[in-house]
Amino acid sequence: MADSQHMETHGFQTEVKQLLHLMIHSLYSNKEIFLRELVSNASDAADKLRFKALSDDSLLANDSELRVRVAADKDAKTITISDNGIGMTRDEVMQHLGTIAKSGTAEFFSKLSGDQAKDSRLIGQFGVGFYSAFIVADKVTVRTRAAGADASDAVEWVSAGEGEFTIASIEKAKRGTDIILHLRDDAEEFLDNFRLRGIITKYSDHLSIPVEMPANVSDDEEQKQESWEAVNSGQALWTREKADISDDEYKEFYKSVAHDFEDPLLWSHNKVEGTHEYTSLLYIPKRAPWDLWNREQQSGIKLYVKRVFIMDDAKQLMPSYLRFVKGLMDSNDLPLNVSREILQDNKITRAMRNGSTKKVLSMLSKLAKDEPETYQEFWDTFGNVLKEGPAEDPANQEKIAGLLRFASTHNDSAAATVSLDHYLERMPEQQNKIYYIVADSYEAAANNPALEIFRKKGIEVLLMSERIDEWLMSHLSEYKEKPFQAVTRGDLDLGDLDNEDDKKQQKKVEKDFAKQVKRFKETLGERVKDVRVTHRLTDSPACIVTDDDDMSTQMAKLMEAAGQKVPETKYIFELNPQHALVQRVVALKDDARFEQWAQLLLDQATLAERGSLKDPAQFVARLNSMMLELTESA
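For what it's worth, the working numbering labels the leading residue of the sequence shown as 860, then goes sequentially.
For lysine-lysine, the following DSBU-like pairs were computed, each having C-alpha atoms within a straight-line distance of at most 30 Å:
| id | residue 1 | residue 2 |
| --- | --- | --- |
| 1 | Lys1316 | Lys1366 |
| 2 | Lys907 | Lys890 |
| 3 | Lys1114 | Lys890 |
| 4 | Lys1374 | Lys1429 |
| 5 | Lys1110 | Lys1061 |
| 6 | Lys890 | Lys1061 |
| 7 | Lys1292 | Lys1225 |
| 8 | Lys1174 | Lys1145 |
| 9 | Lys1429 | Lys1362 |
| 10 | Lys1339 | Lys1217 |
| 11 | Lys1341 | Lys1217 |
| 12 | Lys1367 | Lys1388 |
| 13 | Lys1225 | Lys1339 |
| 14 | Lys1174 | Lys1114 |
| 15 | Lys1258 | Lys1206 |
| 16 | Lys1374 | Lys1448 |
| 17 | Lys1374 | Lys1473 |
| 18 | Lys1101 | Lys1174 |
| 19 | Lys1258 | Lys1130 |
| 20 | Lys1101 | Lys1258 |
| 21 | Lys933 | Lys998 |
| 22 | Lys1366 | Lys1388 |
| 23 | Lys1061 | Lys907 |
| 24 | Lys1114 | Lys1218 |
| 25 | Lys1448 | Lys1370 |
| 26 | Lys1388 | Lys1374 |
So the derived label-pair ranges between C-beta atoms look like this:
| id | residue 1 | residue 2 | range |
| --- | --- | --- | --- |
| 27 | Gly1384 | Asn1291 | 36 to 42 Å |
| 28 | Lys1380 | Lys1206 | 57 to 63 Å |
| 29 | Glu1427 | Asp1352 | 23 to 29 Å |
| 30 | Gln1477 | Glu1302 | 21 to 27 Å |
| 31 | Asp1408 | Gly1261 | 28 to 34 Å |
| 32 | Met1486 | Lys1341 | 44 to 50 Å |
| 33 | Ala1421 | Lys1206 | 31 to 37 Å |
It should be emphasised that the hints constitute simulated quantities derived from the structure, not laboratory data.
For every residue, glycine included, the Cβ atom is placed at its ideal position computed from N, Cα and C.
Input sequences plus hints: build the corresponding full structure.
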C-alpha cells in the first residue's frame, strides 16, 4: 500500500515525453519488443546483483536463486514482469524512470524524420528500455526494493505516460522489481500465455537467468502462483557449440543485444583457447547507430567473466575505430571483481582486444573479397569511422588500409570506389607512387587543375573529399612499399613516368621563363612563398601548391574547424608558360596592369585550391575594374 504522506507527483523530462509519443506511434507495428526490453532489463538487474554479491553475499539474503517471472492476468488485463535482482532506491527510481540520462539525446531527436519506418529503427538503436512498456500499456506501476534495503524502504512508481508520474513509499516483502502493465484494449493479444511464451523463446532464450511463467495456466489462481517453470533454455547462446546454433538464433540474439530491429550484416562466434581463454560473439550491423559520431557514446561490447555479466560498455575490448561492432566477450581468465581501472592496463584485456580486432578486420576482408557489393554497402555506412584506424592502430595499419575505398580519376562518380590493391594492380609498371588529392568536395577534387598532367598521361589519382581524409593521409605514408604523394604538394616529380624528352623540355621552359618568373615573384612579394614554372598544368594558366614542409590546405581547415589557431600558409605559385592568358600577361609593359593581372591569376588559383579567399571583396573590386577596362577598350 502506498504511503500518501510520502507520495509526490513529478513531470517527465521533456525528452521522455517526446520519446513516449514517438514510441507509441512509431513502434506500433512491432509492439512485442516491449517484452524483450523489460525481460532484458530484469535479467540485467539480476546480473548486477550477482556481480555485487561477489563482494557482499549478504545482499542475496535467503533468496540466492535469481530469476525473472512473467505472468498475465486476463481478468485484470495486466502483465507483470518481476525479478529478484538489484532493485532500486527512491533516488534511482527518480533518475531512471523520469529522465533520459544519455549524452547526445538532442542529436538523436534531431535525426528523427517523421517517417515511422525510419524512426522506429532509430528509436530501437537509442534503446527504448523501460519506456517500451507504454507501447502496450496505458498505465504502468513499478514496485521496487533495493537489495540490502528494509521492506519499508520500497518505492512505488505509477504513470499513465502522459506527462507526469507519482512516486510513493511502500512496504515490499522481497527485494527486486515488479513492473505491472495495465494493457490497452488493442494489446489484449499479449494476455495469451502461449503468445507470451513464444515471444520469450524468440527474444530471451539466450539469457542465463531463468525466465519463468506459471506452469499450469488452466489451474486455479493459488496453484498458478506457486508453480513456475522456466520458459527459456537458460543456457547463454555464446556458450553453445556453433554447429548447434541456427542463423535465426544468431540474428535474434543480435537484435536483443544491439536493440536493433534489423538483421546484422555479418557475425563471428569464436572460442579462443591457449594462453588466454575467452569466447567472443561479434556482430557488424547493417545500419549506423544514431550516435556513431558522438565521442561519448558507449561501446557495443558487453563483458562477461565465466558467464557472469560484468559491464555493458567495455571500451577496452574494442578500438574506437571499430565502435560500430556489437556483441560480447566472455573471459575465463579475468577475476570476477574486475573493474574498469583494472581493465585499462591488463595483459588479458589487451590479448582479448587484439584478438577481437584481428577477427573483425578478417571478417571485413573476407566480405570485401567474397561479396564486394555488400562490402560497398558497409563502406558507405562505416567507411569514415574505419579511416580513423591507421592513426589509432599502427600495428594493423596495412590491414586497415586494404579495407579503405576511394573515388578515383579512373571512375566517373564519387559512388564508384577503388581499393588500394586494385589501384596498385592497374598502375603502369614505371609508376612508383600512389597519387592522391584532398579537397572540400568530390567536384573540387575531380576538377582541380593539378590533375591535368595526370589525366594527360593516364595516371590514376585517388580523389578524397571527406573531412577526415587529410587526417588519414597524415598517418598513412605508404601501402605495400608504395609511398603516397599528394598532387598539390611539393615539386612534382613523376619519376620514370616522364621520358627524357619531357624532362629536357621542362628544363628548357624553366630557363626561357626565368625572367618572367622573377617578375611575378617581385610583384606578388609576401603573398607567395615562391613562384615557379609548373609541370602539373596543361589547360589552366596557374595553380598554387603547398611546400612539402608546410601544413596542407585541408589540414589547416581541419584544425581551424576544431578551434585551433593555425599559422598562415604561404603557397608556391606555379605558372603555365604555354597558356595564352599567361603569355598575354607577361607581354604587358605597364607594371600597374601587370600587377593587377598577376594578383588576379593568384586569386583565381587560390579559389581553385582553397575554395575561398582571405579578402574576396578586394578580388571582386579588382575583377570589376579589369572587366570595365576591357569593355571600354572593346
